[in-house]
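Residue numbers (this note's numbering), protein chains in the order written: chain A, 1 to 92; chain B, 1001 to 1206.
I should point out that these hints are in silico values taken from the structure, not numbers from a laboratory. Here the structure is a predicted model, which means the values were calculated and not measured. Glycine is no exception: its CB is placed at the ideal position from the N, C-alpha and C atoms. All the given hints hold, so there is nothing to weed out.
Reference listing, derived: stretches of chain A covered by chain B, where coverage requires no fewer than 3 residues with Cβ under 8 angstroms from a Cβ of chain B:
| hint | stretch |
| --- | --- |
| 1 | 39-52 |
| 2 | 72-78 |
| 3 | 85-91 |
For reference, the chains in residue letters:
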Amino acid sequence: MSDHAGEHKAPNYMLIWLYLFILTVAEVGVAFLPIPKAIIVWSLLIMAFWKALLVAMYYMHMKWEPTRLRLVALAPLPAVAIMIIVIMMEYV
Amino acid sequence: MAHAAAATAGRAHERGLDVYTQKVGMWIFLCSEVMFFAGLIGSYIVLRFGASDAWGEPGEVLNVPVTAVNTFILICSSVTMVKAFAAAQEGDQKSIKIYTLATAALGALFLGVQGYEYTELILHSEWQGSHGFTPQAGLYGATFFTMTGFHGFHVFLGVVFLSWASIRAFRGHWGPNNYQGLEVLGLYWHFVDLVWIILFTIVYLI
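Next comes chain B alone, as it looks inside the complex (with noise of 0.2 angstroms):
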């Protein structure tokens, strides 16, 4: 035990990060997170300039209207999610719970969005000659299908993680003393948003 006691001698008056430890965990993971999706869009950028034919122009395949509205759904998500951290800050209950149940809301209306649009280019859509655009479809498909797949997957664990917070919200967990839980879910979510600014540019327009 005293060795256990030296181990840790001198260590409890280090300054460290200045902010509480769940928000320096949540920042390290999202480091992480951006060499994860660094990786992806780097490979995409080698496989695209390698072969350009196998790419469309923008519009060709994908639908870029409903993608747009649905990016603009996702910004909202980000509005409602800062206002919930906001809220609860400022112990207003009523708020907390409209915009944590609203975040989850909206993360789960741009998953079904993508849903749709995944259905229609796999079932009612042409790409050179064949029918349906599938991750099969070449290059193009496999890489549109794992990008945007891996950051739906993404928004599908914010909103499990959106839906719990909710639960929390209804049961006033969440006030002027404890909104850390909050704030480091809604950096998740922001970046989350923020993949989605570099992806839905990289894929969809350019």
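Bound-form chain A, shown alone (with noise of 0.2 angstroms):
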């Protein structure tokens, strides 16, 4: 009840690496590629996201904890979002 740890099966930790490595070794070739900044721009926040989430949701088992912790842990991100996208609509 009070510990969740244990209760699932151990990821596989060395696929995920697999994955970041891939992911960034795929991140240096785009920012190089002759092609419009706009697509590099946004492949590669893509790709960082993704990144990102495969960090938390594997090796900081978000994946797996409460939901109520889930929430404690999101609680900035609404905050983040309206400051970049208000940042944002003064150079869009």
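The task is to assemble the complex, starting from two chains supplied on their own in separate frames and drawing on the hints.
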């Protein structure tokens, strides 16, 4: 009840490591492609977000934490989103 | 005393967050860290869009291959960290020692490479006609050193705590009944890795 650790099968940490490695190589490759800058920026942001999500879900065990702890962890993100969106409105 | 007892009466049975207190504390601390780095990144966006001429193309002054390798080192340290935690849960004492020490060593290696990068930038690079890319080198230099510097400081603190965790590992401190400290330290360490994933992308590649 009080401790959820050990109730799930340990994830394949090495597989996640492989994903992170491949995504990092892909990011460096995309950054130097001769394609429009907007496409590069968006693909890089998507890949960075994907990597961050992999780390949070599998290495930080968010995937198996109780919903109430997930809510605590997610709490700052709406504030961050509002800040970034409002800043971008100035320039787009 | 009766007053104190009345103040806590009824709270002992509250459900809480269903996880141990250290973990809640670490997550709340990480929430504040999210806002800290969001402030830095937000300022970076304002400055960069406001003065895009002040920034170089990827690879123009920053050494992307070296930093890509450094990124890889930090990702590897996240794996060893999580392996140390898994070993503690299983009570595998030998693996706990190897993985905590490896994580501390990889973190120190990251700092070493960052030190090399800074030295090369400050002493041996050219930026906009002047010698040396320093924190005084316009907005680009100021934001670069502020963001990577604050991240590096977080890595440094992580290495200090990981060294402490390694010493405890060699004393047989961690095990199936005592892995919480290692898990909480792991949360901090993975967060530092996560921040680097974002910073590497927006500072070096975009």
